[in-house]
Amino acid sequence: MNKRTKSPRAEQQFFNDPALDRFMGAFMALATEHYVLLDRVRAMEKQLTEAGRLDQEALDREPDEIERAETSADRAAFIEALMRPLLGEQDALGASGKFSLK
Amino acid sequence: MNDRAFTAAQDFLLSAKTYWSTTMYRALRDSHGEEGSQTVADVAQAIEDSTLYQVYAWYERHLQRMKYAGRYGLVPYHNERRIDLLSELDSEDSECTQESLTLPAYYTVVDIHQHPGGVWSDGIAGFVYERGARTTTPLAGAAEKDVHERFTDLILEEWKPANILDMGCGFGKSTQPFVRRLPDSTVEAIDLSVPCLRLASYAAREAQASNVRFRQMDACRTDYEAGSFDLVTSTMVLHEMPPKTIEDLLDEAFRVLTPGGRMIHLDFYCLPDVFRRFIHYGHARRNNEPYMQPFAELQLSSLVSSKGFVDAQVAPFQESDRVDLDGNEAWRFPWTVISATKPKT
Numbered sequence: 024m025n026k027r028t029k030s031p032r033a034e035q036q037f038f039n040d041p042a043l044d045r046f047m048g049a050f051m052a053l054a055t056e057h058y059v060l061l062d063r064v065r066a067m068e069k070q071l072t073e074a075g076r077l078d079q080e081a082l083d084r085e086p087d088e089i090e091r092a093e094t095s096a097d098r099a100a101f102i103e104a105l106m107r108p109l110l111g112e113q114d115a116l117g118a119s120g121k122f123s124l125k
Numbered sequence: 042m043n044d045r046a047f048t049a050a051q052d053f054l055l056s057a058k059t060y061w062s063t064t065m066y067r068a069l070r071d072s073h074g075e076e077g078s079q080t081v082a083d084v085a086q087a088i089e090d091s092t093l094y095q096v097y098a099w100y101e102r103h104l105q106r107m108k109y110a111g112r113y114g115l116v117p118y119h120n121e122r123r124i125d126l127l128s129e130l131d132s133e134d135s136e137c138t139q140e141s142l143t144l145p146a147y148y149t150v151v152d153i154h155q156h157p158g159g160v161w162s163d164g165i166a167g168f169v170y171e172r173g174a175r176t177t178t179p180l181a182g183a184a185e186k187d188v189h190e191r192f193t194d195l196i197l198e199e200w201k202p203a204n205i206l207d208m209g210c211g212f213g214k215s216t217q218p219f220v221r222r223l224p225d226s227t228v229e230a231i232d233l234s235v236p237c238l239r240l241a242s243y244a245a246r247e248a249q250a251s252n253v254r255f256r257q258m259d260a261c262r263t264d265y266e267a268g269s270f271d272l273v274t275s276t277m278v279l280h281e282m283p284p285k286t287i288e289d290l291l292d293e294a295f296r297v298l299t300p301g302g303r304m305i306h307l308d309f310y311c312l313p314d315v316f317r318r319f320i321h322y323g324h325a326r327r328n329n330e331p332y333m334q335p336f337a338e339l340q341l342s343s344l345v346s347s348k349g350f351v352d353a354q355v356a357p358f359q360e361s362d363r364v365d366l367d368g369n370e371a372w373r374f375p376w377t378v379i380s381a382t383k384p385k386t
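Quick mapping for you: the protein sequence lines, in order, are chains A and B. Add 23 to a position in the first sequence, counting from 1, and you land on the number used in my numbering. Add 41 to a position in the second sequence, counting from 1, and you land on the number used in my numbering.
Any given hint might turn out to be false.
Unchecked claim - Below are the DMTMM-like pairs computed for lysine to aspartate or glutamate, each with C-alpha atoms no more than 25 Å apart in a straight line:
1) A:125 / B:314
2) A:125 / B:338
3) A:121 / B:90
4) A:121 / B:330
5) B:58 / A:40
6) A:69 / B:52
7) A:125 / B:89
8) A:121 / B:83
9) A:125 / B:330
10) A:121 / B:338
11) A:125 / B:71
12) B:58 / A:62
13) A:69 / B:44
14) A:125 / B:90
15) B:58 / A:112
16) B:58 / A:56
17) B:58 / A:103
Said to hold, decoys possible - Across the chosen pairs, the derived CB separations fall in these ranges:
18) B:127 / A:69: 28 to 38 Å
19) A:43 / B:301: 52 to 62 Å
20) A:53 / B:48: 11 to 21 Å
Bear in mind the hints are in silico, worked out from the structure with no lab data behind them. Note that the structure is a prediction, hence the values are computed from the model and not measured. Don't be surprised by glycine CBs; every beta carbon is placed ideally from N, CA and C.
With the hints as extra help, turn the sequences into a complete structure.
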């Protein structure tokens, strides 16, 4: 099978200031993550409520250091999704730059 | 990534795409108005610098990017399941690979649909493409016949072909209706993508279909004898080829058709007004489909006729009951049926 190495290429530009293009990417990554989280919480609360095991006070309690360390890898992946669009590189090879059909 | 998180993220992106293709598209169209533009350049001059168009264009590009790549993209999701997915295909036959075939440069130079690596370079690409293609026609309801079934309906209303060649069959979605609905016919399905062909072959085996073969082959240079088929068809293939390659495909279709045989393609071509043409050309650029605009600018009926075909017809195709071809309010692909006949003498 033919193989090809991936080379970074500048992402297309749509706004007058390319910084806005990149920050929109960060915004949408955040919005997606937010929705995934909402979906997860909704599912969890439903299951716990149905099982009669939802402890509201425990949920509100500040997590300890052990719990925070356990979630650090997931935080790193979240930050990657949030901040990688700021680099302005394509994920899939295609035409670059801003174009006009004028 | 767990299945629930992936599904939630993809559903979120599809909901955003639906908003984009309805509310945002209508707002953009309304901002341009009905009159004034005679050319694509006129439309571009009128709206390209507007904030609304810039937002519209950004969302078209990046909702597709996020569908395939990023934390919840199709590629990382399937990559995490690589071993299990590939194990399903391991027992497939060898016809899906032709060792001597060199993939053409036009095919490998761009990651089509913003699918990282394209549909050919990774063994799991067929699974990725299949999952992505489930939302190609977002306006269609889940209970409706899909576009491939509707296209097959159109052909079978005409006659029942006995020997069928499906060019650029991908993972077999376009092939399956012919295989299932014409059990006494023989179907040959060809594509350049080994990962897609292997998935198609696997699905056919699961369906216990014995009247179809999936083979790696360039549609412009097949190994079939002249006059082998009474139907040569393709779905969403022509717009992914540069004009010279399309000519070669038409020549090959003519060669392998039996006299009186029919060539019927489903693709994106009929653009009813200059605004839709502007939108389509922009989509091509944003979706990594560089041959879409050159295809839309071909004099297709004349080109088909110049290859020896007769009765060349180019007609809009209604891909969903929800679509009004005369006044559709939402964004849609310009689905078109291109058909012609090889003369009997």
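Hint check results:
Restraint check for residue 125 of chain A and residue 314 of chain B: the C-alpha separation of about 16 Å stays at or below 25 Å, so the hint holds. Between residue 125 of chain A and residue 338 of chain B, the direct Cα distance comes to roughly 16 Å. Compliance with the 25 Å bound is thereby established for this hinted pair. The hinted pair formed by residue 121 of chain A and residue 90 of chain B meets the criterion: a straight-line CA distance of about 12 Å does not exceed 25 Å. Distance hint between residue 121 of chain A and residue 330 of chain B is fulfilled; the C-alpha atoms sit about 16 Å from each other, no more than 25 Å.
Between residue 58 of chain B and residue 40 of chain A the alpha-carbon distance is near 24 Å, which keeps this suggested pair within the 25 Å criterion. A C-alpha spacing of about 20 Å is found between residue 69 of chain A and residue 52 of chain B, which places the hinted pair at or below 25 Å, so the restraint holds. The straight-line distance between the Cα atoms of residue 125 of chain A and residue 89 of chain B is roughly 8 Å, inside the 25 Å bound, and the hint therefore holds. Restraint check: the Cα-Cα separation between residue 121 of chain A and residue 83 of chain B comes to about 18 Å, which is no more than 25 Å; the hinted pair holds.
Proximity of residue 125 of chain A to residue 330 of chain B is assessed by CA-CA distance (about 19 Å); at most 25 Å being required, the pair is judged to hold. For the suggested pair residue 121 of chain A and residue 338 of chain B, the alpha carbons sit about 22 Å apart, so the restraint of at most 25 Å is met. Distance hint between residue 125 of chain A and residue 71 of chain B is fulfilled; the C-alpha atoms sit about 20 Å from each other, no more than 25 Å. Simply put, residue 58 of chain B and residue 62 of chain A have alpha-carbon atoms about 19 Å apart, close enough for the 25 Å limit, and the pair holds.
A hinted pair counts as satisfied when its Cα atoms are at most 25 Å apart, and residue 69 of chain A with residue 44 of chain B qualifies at roughly 18 Å. Distance hint between residue 125 of chain A and residue 90 of chain B is fulfilled; the C-alpha atoms sit about 11 Å from each other, no more than 25 Å. With a C-alpha separation of about 22 Å, the suggested pair residue 58 of chain B and residue 112 of chain A falls inside the 25 Å cut-off, and the hint holds. Proposed proximity of residue 58 of chain B and residue 56 of chain A is supported: the alpha carbons are some 17 Å apart, at most 25 Å.
Taken as a hint, the residue 58 of chain B and residue 103 of chain A pair is honoured in the structure, with Cα atoms around 23 Å apart against an allowance of 25 Å. In this structure the hint that residue 127 of chain B and residue 69 of chain A lie 28 to 38 Å apart at CB holds, the actual value being about 35 Å. Separated by about 58 Å at the C-beta atoms, residue 43 of chain A and residue 301 of chain B satisfy the suggested range of 52 to 62 Å. For residue 53 of chain A paired with residue 48 of chain B, a C-beta distance near 19 Å keeps the hint of 11 to 21 Å intact.
Of the hints listed earlier, there is not a single one the structure fails to meet.
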